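Undergrad: Heads up: the protein sequence lines correspond to chains A and B, in order.
Each residue of the first sequence is one higher than the last, beginning at 1 in my numbering.
Each residue of the second sequence is one higher than the last, beginning at 375 in my numbering.
In case anyone wonders, no lab produced these hints; they're calculated from the structure.
Quantities reported herein were computed from a predicted structural model and do not represent experimental measurements.
Heads up, the beta-carbon is just placed ideally off N, CA and C, and yes, glycines get one too.
Some clues are possibly wrong.
[Unchecked claim] If you want the ones that stay clear, here's a sample from chain A, every Cβ over 12 Å from chain B, calculated:
| id | residue |
| --- | --- |
| 1 | R11 |
| 2 | E23 |
| 3 | D26 |
| 4 | S79 |
| 5 | F87 |
| 6 | S155 |
| 7 | L218 |
| 8 | G228 |
| 9 | L246 |
| 10 | G254 |
| 11 | V341 |
| 12 | A343 |
[Stated by the list, open to error] Among the chain B residues that face chain A by a calculated CB cut under 7 Å, a handful are:
| id | residue |
| --- | --- |
| 13 | N440 |
| 14 | W444 |
| 15 | S460 |
| 16 | T464 |
| 17 | T474 |
| 18 | A475 |
| 19 | R479 |
Spelled out, the chains give:
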Amino acid sequence: MAYQQAADGERGLMRFFERAMSEYRDGDRTRIARIAIVALLAAAVFSILMSITTGASDASVIDVLRAMADPNAADGAMSTRDRIIVFDIRLPRALLGFLIGAALAVSGAVMQGLFRNPLADPGLIGVSSGASLGAVTVIVLGTSMVAPVVAMFGSFALPLAAFAGGLVSTVILYRVATQGGQTSVATMLLAGIALGALAMALTGILIFMADDKQLRDLTFWSMGSLAGATWAKIATAGPIMAASLLLMPFLARGLNAMALGEAAAFHMGVPVQRLKNVAIVGVAAATGAAVAVSGGIGFVGIVVPHLLRLAIGPDHRALLPASALLGGTLLIGADMLARTVVAPAELPIGIITAAVGGPFFLWILLRNRARLGM
Amino acid sequence: MIDVSDLTVTLGGRRTLHGLSLQARPGELTAIAGPNGSGKSTTLKAITGEIAYGGTVRINGADIRNLPGWKLAGLRGVLPQASTISFPFTTREVVGLGLTAGGARPNAEAARQIAQALAAVDLAGFEGRYYQELSGGEQQRAQLARVLCQIPQAVRDGEPCWLLLDEPVSSLDISHQLTIMALAKTFCRQGGGVIAVMHDLNLTAHFADRLILLKKGEIAAAGTPAEVIDTDILQHVFGCALKVNQTPADRSPFVLPQSAIA
């Protein structure tokens, strides 16, 4: 009986995959995308577990799970020291890393959908620089010029400032690059460079004004690192990132229609202006919060959506959740690498994402050179 | 009925339409023709609500300014002149986008509806092909299939639906030009209405019920193709010594470029 059920189950599963493949050949990738999302979900859980069990102190996955199930168990499964390392250092770090990776990847995907261009990325077109400027302003001037603002928002001041910086640069960029509903790629990239340079110059002035302690903070922050992850940081930046991540899937259908152009999206009943406003605010919030807590982590937003489009297609209903899962997983992977390559020291994670992402970006560019007309 | 009155459009500080008024009736194929830059596409864009305009445009009696986008999307489908897509969508996915227009949720019938729309534009079996790898003419027909998924019926809840087509046959071979024009004609016969911007006067003469000729943002002539495709009118509108002839069989007008060269 049980054997029969198992056999039926197996046959059902086979049929399911066969059906998915035949639909895939007919150009319908929804079922394949669903399978991919389930697999990515599993990979995400696995990466978080791996991340909290690797490092100088080795606690096994079983120990950790047991300790999670019963936090008051005082038995010998985990020492108090391991418990602190796992739950107060590694777990917030893994969760923050996942959130940041997810926020950056989804922001990239939304931005690419909005600009109708696979090369749009918050890091590349000056949004992150704008967010950095906001964050650096708070770090350097937090005790002097903008002290009242910092006093008013407390620990939220940094992510909020980064959000404001990201928002201003996104809005300017969109205004400059879009004319009559058409976004020019060349204008977008060049305006992004100009905006980025301007933000960097202003950031440079602030760095020039900074004292020694602030300088050290700034340097490490700007290279990107998850080393300072604490529950307090998750509590301030986490809700902003989580809220934008939850908001973005509602844009999916509109972004699909936008792929045909703004006019066609309008003809299909998409409230184009509202879609653009929500997308820009969402991207700025997610990028701003991510930049505020982790500094410059580049290329996640461009690599992840591009890989996924190759695998499951560009339908945003699947692309956005899949980007969140893969972005989070990859960033946790990059962080594990950053922690272990030069142990006991740590590489800034931004170096790893840039070292992998830079060549990847060039590859996309070369592949699409003819089609993008650049 | 699509009722356009006193339509004005200003583009880049220049007035391109000077108070056009026209009506398109359900059951009829209304063609808009005219020289380059006469305002054909601009007129269509104003009727779709895509660009800012002065005057009023009513669809089935309702001012389109007061209709929410999703409602408009259920009343009329629009075929743009040319469309590029920046991401690797399959033909099935592009056509399927039409089913989601106006916030509709595609159901179990989706695969059949998409196959039907593709067959109607002679692209049966193209579902799995990447849109970007189709030829220009095939892309144009795939876009029309998408519009057909958006507006699957000529009449909906007793109200006529509309297809607004901007040069629907501009990159098609002669056989597919006939296929697509016949499709538009069938849509009209079933009670819907079509407004099409056309370049080919002979196709227009054969398929259109009404023809509006524009010149410099104003209506130069309007009526049945037999009335409008007339030597004097064409010479005036196109500024070219064209000569209209009639087919021996049914005395419908035709015009050949050779007539101007002689």
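Undergrad: If a hint holds in the structure, say so; if it doesn't, say that too.
TA: Quick rundown of the hints versus the structure:
The non-interface label for A:R11 is consistent with chain B: the shortest C-beta to C-beta separation is roughly 23 Å, beyond 12 Å. Look at A:E23: its CB is around 8 Å from the nearest CB on chain B, not clear of 12 Å, so calling it non-interface is violated. Non-interface status of A:D26 relative to chain B is broken: a Cβ of that chain comes within 12 Å, the nearest being about 5 Å off. Every CB of chain B is more than 12 Å from the CB of A:S79 (nearest about 51 Å), matching its label as outside the interface.
A cut-off of 12 Å between C-beta atoms confirms that A:F87 is not in contact with chain B; the least separation is 42 Å. At roughly 39 Å from the closest C-beta of chain B, the C-beta of A:S155 stays outside 12 Å, upholding its exclusion from the interface. For A:L218, the condition that its CB be more than 12 Å from all CB atoms of chain B holds, with the nearest at approximately 37 Å. Separation of A:G228 from chain B is adequate, the least Cβ-Cβ distance of about 37 Å exceeding the 12 Å criterion.
For A:L246, the condition that its CB be more than 12 Å from all CB atoms of chain B holds, with the nearest at approximately 20 Å. Not every Cβ of chain B is farther than 12 Å from the Cβ of A:G254; the closest lies at roughly 10 Å, contradicting the non-interface assignment. Its beta-carbon lying about 35 Å from the closest one in chain B, A:V341 satisfies the requirement of being farther than 12 Å from that chain. No Cβ of chain B approaches the Cβ of A:A343 within 12 Å, the least distance being about 41 Å, so the stated non-interface status holds.
Restraint check, B:N440 versus chain A: the minimum CB separation of about 15 Å is more than 7 Å; hint violated. With a least beta-carbon distance of about 4 Å to chain A, the hint placing B:W444 at the interface is held under the 7 Å criterion. For the restraint placing B:S460 at the interface with chain A, the shortest Cβ-Cβ distance is roughly 4 Å, inside the 7 Å limit, so the hint holds. With a cut of 7 Å, the hint placing B:T464 at the interface with chain A holds, because the nearest CB-to-CB distance is about 3 Å.
Hint status for B:T474: holds, given a least beta-carbon distance of 6 Å to chain A, under 7 Å. For B:A475, the interface hint holds, the least distance from its beta-carbon to any beta-carbon of chain A being 4 Å, beneath 7 Å. Given hint, B:R479 at the interface with chain A, is violated; its Cβ is 10 Å from that chain's nearest Cβ, farther than 7 Å.
Hint violations for this structure: numbers 2, 3, 10, 13 and 19, all remaining hints satisfied.
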